[in-house]
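Asks: Sequence:
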Amino acid sequence: MPEITEISLFPLRLVMFPGGRVNLQIFERRYIDLVRNCMRSNTGFGICLLKQGEEVEQSSQQSIHRTGTYASIVDWDQLENGLLGITVEGSRKFKISKSWQASSGLLTADVVFSETGNLGGDPIPVDEQFSGLAELLQSLESHPAVERKNQQIDYNNLWDLGWRLSELIPIEAEKKQELLELDDAWERIENIEQLVSDMANDH
Numbered sequence: 138m139p140e141i142t143e144i145s146l147f148p149l150r151l152v153m154f155p156g157g158r159v160n161l162q163i164f165e166r167r168y169i170d171l172v173r174n175c176m177r178s179n180t181g182f183g184i185c186l187l188k189q190g191e192e193v194e195q196s197s198q199q200s201i202h203r204t205g206t207y208a209s210i211v212d213w214d215q216l217e218n219g220l221l222g223i224t225v226e227g228s229r230k231f232k233i234s235k236s237w238q239a240s241s242g243l244l245t246a247d248v249v250f251s252e253t254g255n256l257g258g259d260p261i262p263v264d265e266q267f268s269g270l271a272e273l274l275q276s277l278e279s280h281p282a283v284e285r286k287n288q289q290i291d292y293n294n295l296w297d298l299g300w301r302l303s304e305l306i307p308i309e310a311e312k313k314q315e316l317l318e319l320d321d322a323w324e325r326i327e328n329i330e331q332l333v334s335d336m337a338n339d340h
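Take the sequence shown: its position 180, counted from the start at 1, is 317 in this note's numbering, and no numbers get skipped.
Since the hints were made in silico from the structure, they are not lab data. Treat the hints with caution; some may be incorrect.
Stated by the list, open to error - Pairs of lysine to aspartate or glutamate residues, derived as EDC-like cross-links and limited to a Cα-Cα distance of at most 20 Å, are as follows:
hint : residue 1 : residue 2
1    : Lys232    : Asp335
2    : Lys188    : Glu309
3    : Lys313    : Asp335
4    : Lys232    : Glu217
Kindly generate the complete structure, drawing on both the sequences and the hints.
Replies: Right, here's the structure in full:
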């Protein structure tokens, strides 16, 4: 039986991948409490893509995708607007077995962590055939907004290459979600190759 873990969720209109970094502004009470608890206990929370509904204030219309990424707080600051700003880094992919709204107002879930979609897993060397994608990632990485995230990217690891390209290529969130849900690094990179090729043909 796979081990089930209970975690708090933070539904957003974005898809996070292992090794990815995202800056968040925290202003709702339940999320301020969540951040405080995470920093106190050195734990994290799950980020998953909203299918429908708004990010703020839970509503009955809110529904989420069942695969997300567990994230930990790596930096925090008070922003100029007075709100709490945090930077989170994804570490492990998970699948939700059931979810509910806790008394704190937080969406909470029982999840099973992926065996493969983890930071620090066994690397898969990048074949010569994907060298063009590695070059594409290097050009995307030099963008100032990406540089500021200060991410460590292993260009010789197919996992890293797939995750970072999934984040950075300009496709809609639902497509990114499909890439996250794939468990096979080869399948992900081949899908990305096809998406990049389709984009090039559209221009």
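Asks: All hints are to be evaluated individually against the structure, with a verdict given for each.
Replies: So, going through the hints one by one against the coordinates:
Note on Lys232 and Asp335: the hinted pairing is violated, with a Cα-Cα distance of about 29 Å set against a maximum of 20 Å. Distance check on the hinted pair: Lys188 and Glu309 sit about 12 Å apart at the alpha-carbon level, within 20 Å; holds. For the proposed pair Lys313 and Asp335, the alpha carbon gap of about 15 Å is at most 20 Å, so the pair holds. Between Lys232 and Glu217 the CA atoms are separated by roughly 36 Å; this puts the pair beyond 20 Å, and the hint is violated.
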